[in-house]
Amino acid sequence: MSGIERVIQTIGETVVVGAQHGGGHLATVEPGPTWMALAPFLPLVGVVICLICALVPRLRTSKLPAWGTVASLAVAFGLILATWLSLDGRTLNVHAWEWINLSWGDGPGRALIANFAFHIDSLTVLWMLFVTGLGALIALYAVEYMEHDVGLGYCRFFAGFSLFVFSMSCLVMADNLLLMYLGWEGVGFCSYLLIGYFYKKPSAVAAAKKAFIVNRIGDLGLALGIMLIFVQFGTLEYGELFANERLLHYKDLALAGDFAQIPFNVQLIALLLMVGAFGKSAQFPLYVWLPDAMEGPTPVSALIHAATMVTAGVFLIARMFPIFLVSEHALPTVAWIGTITALLAATIGMAQFDIKRIMAYSTVSQLGYMFAGLGVLTSVGAAFHVFTHAFFKATLFLCCGAVMHGFAGQLDLRKVSGLRSQKGWMIVTLAMLIACLNLSGFPLTGGFFSKDMILAEAFVTPGFRVIGWILLLTAGLTAYYTFRVFFRVFVGPVDYEPGDEHHGEPGSFHPHPPGWAVNLVLAILGVGSLLVAGVYFVGGEHGWVGSMIHDSSAHYQADGTHAGTLFGQDPHTIMYYVSAAIGLAGIAIAWWLHYAGRTEAATCRADRLAFTGSRVARWARDKWYVDEFYDFLFRRPLWLLGQVFYFIDRWFVDGLVNVFGILPRLTGWAVRPSQSGLLHGYALGTIGGTAVLLLIVWLVT
Amino acid sequence: MIERVAFLWPEIALFVATCVVMVLGLSRSLALRRLCGPVCGIGLVIAGLLALRTPASPGILPQLMPYAKAMIAGVGVLLLLMLGGTVDREEEEQIAAGQRTFDAARTNRAEFYAFFMFSFTGLMLCASADGLIWLFLALELTSLPTYVMVTISSRSARAQEAGVKYFFLGALGAAIFLYGFTLIYGGTGMTRFTDISAVLAADGMNSITLAGVMLALIGICFKIAAVPMHFYTADVYQGAAAPVSAMLAFVPKTAGFLAIILLTTMVSAAAGETGGGDGGWLPEPVRVLLWVIAAMTMTVGNVLAILQRSVKRLLAYSSIAHSGYMLVGIVAGPGDGTFTHNGLAAVLFYLLCYGVMNVGVFGVVACLERRGKDGWEEVENLDDLRGLCKTRPLLGWSMVICALSLLGMPPLLGFWSKLPLFTSAISAGELALVIVLAVNAAIAAYYYLGLVRAPLLTDPDPDAAPMTDTPVVWRRLATVLSASGVIALAIAADPFMRASETAGRTRDLMKPDRGGADEHAEAAPVVPEDR
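Those protein sequence lines, which keep their order, are chains W and U. Heads up, the first sequence is in the working numbering, so the first residue is 1 and it goes up one at a time. Heads up, the second sequence is in the working numbering, so the first residue is 1 and it goes up one at a time.
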């Protein structure tokens, strides 16, 4: 343990009464107090407020939807804080109401029970803390950010926002997989609604559709995984599932390395769930929707597509860790996919010019880190990275949003420069700096510690050293592209041109700096991102997050495997120095290429590099043509197939239907003369019909 | 005999209201004349409430009365709302304009409302019937007033013609089933259902009784507008004013089905094993007869409805088809008594649903009119409904909802009513009939979707002659109530399903230990013989 670390840890332990618990994981589930179940429903109150505002013309033009949402989320955050304080390492179950209860006989596996009930353990609380906390802050930011849409659009935005938080709460707090799935689909749906918020813009509509469809592919995997869990273990409730004797038996087998005795179908579950996680958390090959999702308003990007929803995949794997442990190939696949995604997204991010898109690729890349962390069995590292990432990435997006808002939609880093020197942009610049330092892994920031935890584990876990090297390289790239944005946009000479939302004369544009709400939120988040490093030093071996994970189903501790060394040293210690050096090198290169000697926004030293004009750089800028490849591989064949089916349907099926459709009509024409309107005809028909009927009966029997 | 009164309080309430209405309608005072409708309504509501308190009877369907009578009263209120303004509107307008003075000898209002109430009294009496004579009288009390109502409902010559046709064919039908009833009496020597079924259980079916049952069922086909007695339907429904047509689609049909349920339950005693699961609930000839009638009725009704442009004729043929659907439930029989297996319960539930849905579609027609060459004319061409959702959203959407429900679109009421017909017929092993039913439901979708398409998806015809809303607010209320009932009942269907499940249980199913023929014999004489 390094000297600095030891000092800070000592301070941390004296300042904070650590939430250190001795309780083993998978503790028995106790019933919890009812008020804990209120937290997920408070956002629904926000939805109702928005709907009422949309219906009442007098309220429609007010800011009530926004403040209603902020208030409901703030109260929800307060409830979660209270839950955390009273949790004390226990696993609680709060039953709201009975939802699905089907049974077809007695005994295990003969009943499908999925209640609207909440499974509250420390993993849940960890996630809910930043879901509701960041939700409230970002809603406050959006009060100002969405101002130009006051009216129905405002109601629509905040209704979707609140509904998202409700769905996310269901996802995180559910006590069974079905409710989790409801939340999972709910967040996907809200994401669709909010990406397509500017529904008159074709690109936004296309992006919303893309996000939804790509997510469906993942959701199919998740749905199949859930079904298979029910088939295999006969329950969907976490409490019963994790206490399932067969699962525990398989887990023992898996820890002993004896995967051959675990049935294939049980091992398959994790692989299916993994597909769902890849879709929602934008991992290779299903990451393509996330960069496009930046078409949504920036608060949405910050909350849904950076801080919370996209971490649902990490949550799923963390929650289902026992299931993943019994699968031989699932966690290595997760590790490799995460690593590939991290590298791929980082290379694309380096070549982009749209700052929001750079942040989007950086999100994909950082999610890759989290998956790699899960894959190399450090669920603590992954959860810690989720936690720090939520803060600094939300900050980054909100800063980008402030720039976009102030410069009439300008997002091109070649067209804005020197914000620091302009009046009213100081808080944005400082918050951005803190967040950038976090993202690039600058020593002693939260991002530094959380990333190192994953890197160190990757190096010491047998068989994953290559992953460690790739992730280390990616860390350097991350530092470079992060500070590329900072050095281009926030410092340097003052130079800007407005974006396409400016409709006046080109010379008449004046940027307008953010107001109090945005500044307040950025200040809070900036300070939060700075302080989030502190949680590493309080409460136990792996910090506060470690203690939180320790009490949950995501806990994993295999004896002996983690005691490896790196270059003869403690891996964490050595990694501090190595990754700090790599990160600083990335920042230095960005400084040299994008700051030093730059006199205007558009050009810098990087443009003079031979590499910048090369083919490889262009490919990276064009995102390695992955979208085009998918288009060629999937969309076109499917479209062609659709044409074929359309043809068959149009000419064959419809023809068949038409032939059958004409039969009743012909019969009608044949019967019609009997309806002559003549009384004696009717009477004759009646008598004759009676006779015929009796004859038929006589003949048949 | 006097203990039968315990079951008849609803009918007595209706009869009292009828007498009051007969007098009120002839009053010189406009305010008193106007009370006709409300008094009928109060009578129906009281009858409905009294019906809920009806005790279990010792008949062959012990719990039939509470559900059937309450349902009749409920739908009756809807139909009563529709009737407002049918005969009295023009007359009162003329009196108010000073063109004529009130003349008790020429007004139709008193008999119109009184006949309506008589018809409902008869309908409830059908549910109370315990023997052939009672059933015959009840059926005729139901039908006779409707002949007159058709004739006086409109001043057009068509209504006169329709009334005459309806009367003569009705008499023919009545003759046939009365002949059937006499043959049943001749074959068994009994007139009460419990006695007859005891005799049938003991001695089996002789050919005279069988012929009587068959003729009775065919004759009753007139009431439900089934093949081969369906010819009158379109002409009569078209000729009568739309509110009366709506009534004709419910009242005689319900009476007929109550009669058929009673008769089939009665003859089921001769089927050897009753209440069995595998199609053996009726004697084979009766089953074949009903099977053929069901299949032909729905097919004929549907193929003729496809060709119609007149909404009223279309609905008339579709009402024939609905009778065919319900006959499937009769063929399926009571099964094991649970709702999804009990065809009789399915029929009873269907009658309620059909009554509610039907008011909506006829109501839309009744709410629109245009000035013709002699007075106001109903608007009944399919093209007149075009763009109704835009021009008159309330009526348009009522039409859309009710037509979708009649088509059986989930999750509307029509779906939930058709579902038990399918399930009961499948569980009774009547697969062929189920296929016929499914094919017919598909054919019906064609013309019902036409009723949906015209108001919802097309634009109003700019060249069409202008229409006005009929200035009778009660009809709109009935229409909207019906459309909202289609949704509300679909959501809260459970109590009604349970009630019909109870009502559709035969006496054999009520017994804790279901047994064979022996038990019938000893359980039969519950009420002492006092005739």
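Hints in this document: simulated from the structure, not taken from any laboratory. Some hints could be false.
In silico negatives: residues of chain W with every beta carbon more than 10 angstroms from chain U [unchecked claim]:
#  : residue
1  : W97
2  : A223
3  : G409
4  : L430
5  : G463
6  : D495
7  : L530
8  : R665
9  : R672
10 : A683
11 : G688
12 : I696
Derived CB-CB ranges, DEER-like [stated by the list, open to error]:
#  : chain 1 : residue 1 : chain 2 : residue 2 : range
13 : W       : Y646      : U       : D469      : 36 to 46 angstroms
14 : W       : S103      : U       : V5        : 27 to 37 angstroms
15 : U       : L419      : W       : G109      : 22 to 32 angstroms
16 : W       : L85       : U       : I487      : 46 to 56 angstroms
17 : W       : W104      : U       : L419      : 16 to 26 angstroms
18 : W       : W104      : U       : R53       : 33 to 43 angstroms
19 : U       : V164      : W       : R672      : 47 to 57 angstroms
20 : W       : E505      : U       : I487      : 56 to 66 angstroms
21 : U       : G429      : W       : W104      : 18 to 28 angstroms
22 : U       : E140      : W       : S103      : 47 to 57 angstroms
23 : W       : H329      : U       : T338      : 47 to 57 angstroms
Stretch-level coverage of chain U by chain W, calculated; a stretch enters the list once three of its residues show a Cβ under 8 angstroms from a Cβ in chain W [unchecked claim]:
#  : segment
24 : 158-171
25 : 225-232
26 : 292-304
Cβ coordinates follow ideal geometry from the N, Cα and C atoms, glycine included.
Hint check:
1. W97: With a cut-off of 10 angstroms, W:W97 remains clear of chain U, as the shortest Cβ separation is near 18 angstroms.
2. A223: Consistent with the label, W:A223 stays out of reach of chain U, its closest Cβ about 23 angstroms off (over 10 angstroms).
3. G409: It holds; W:G409 is separated from chain U by about 39 angstroms at its closest Cβ, greater than 10 angstroms.
4. L430: Check passes; 57 angstroms lies beyond 10 angstroms.
5. G463: 55 angstroms, holds
6. D495: The assertion about W:D495 holds, with a minimum of 56 angstroms to chain U.
7. L530: 55 angstroms, holds
8. R665: Violated: least Cβ distance 6 angstroms, not greater than 10 angstroms.
9. R672: 6 angstroms, violated
10. A683: Answer for W:A683: violated, closest chain U Cβ roughly 6 angstroms.
11. G688: Non-interface label fails for W:G688: nearest chain U Cβ at 7 angstroms, not farther than 10 angstroms.
12. I696: Nearest chain U Cβ is 6 angstroms from W:I696, so the label is violated.
13. W:Y646 to U:D469: 36 to 46 angstroms: Cβ of W:Y646 to Cβ of U:D469: about 44 angstroms, so the range 36 to 46 angstroms holds.
14. W:S103 to U:V5: 27 to 37 angstroms: Cβ of W:S103 to Cβ of U:V5: about 48 angstroms, so the range 27 to 37 angstroms is violated.
15. U:L419 to W:G109: 22 to 32 angstroms: Holds - the Cβ-Cβ distance for U:L419 and W:G109, about 29 angstroms, lies within 22 to 32 angstroms.
16. W:L85 to U:I487: 46 to 56 angstroms: 47 angstroms, holds
17. W:W104 to U:L419: 16 to 26 angstroms: 21 angstroms, holds
18. W:W104 to U:R53: 33 to 43 angstroms: 39 angstroms, holds
19. U:V164 to W:R672: 47 to 57 angstroms: 22 angstroms, violated
20. W:E505 to U:I487: 56 to 66 angstroms: 57 angstroms, holds
21. U:G429 to W:W104: 18 to 28 angstroms: The hinted range 18 to 28 angstroms holds for U:G429 and W:W104, with Cβ atoms some 24 angstroms apart.
22. U:E140 to W:S103: 47 to 57 angstroms: Distance hint for U:E140, W:S103 holds at roughly 53 angstroms.
23. W:H329 to U:T338: 47 to 57 angstroms: The hint (47 to 57 angstroms, Cβ to Cβ) holds, given that W:H329 and U:T338 are roughly 50 angstroms apart.
24. 158-171: holds (count 4)
25. 225-232: Per the Cβ count (5), the hint holds.
26. 292-304: As far as the segment 292-304 of chain U goes, the hint holds, because 7 residues have Cβ atoms under 8 angstroms from chain W.
In the structure shown, a violation is registered for the earlier hints numbered 8, 9, 10, 11, 12, 14 and 19, in ascending order.
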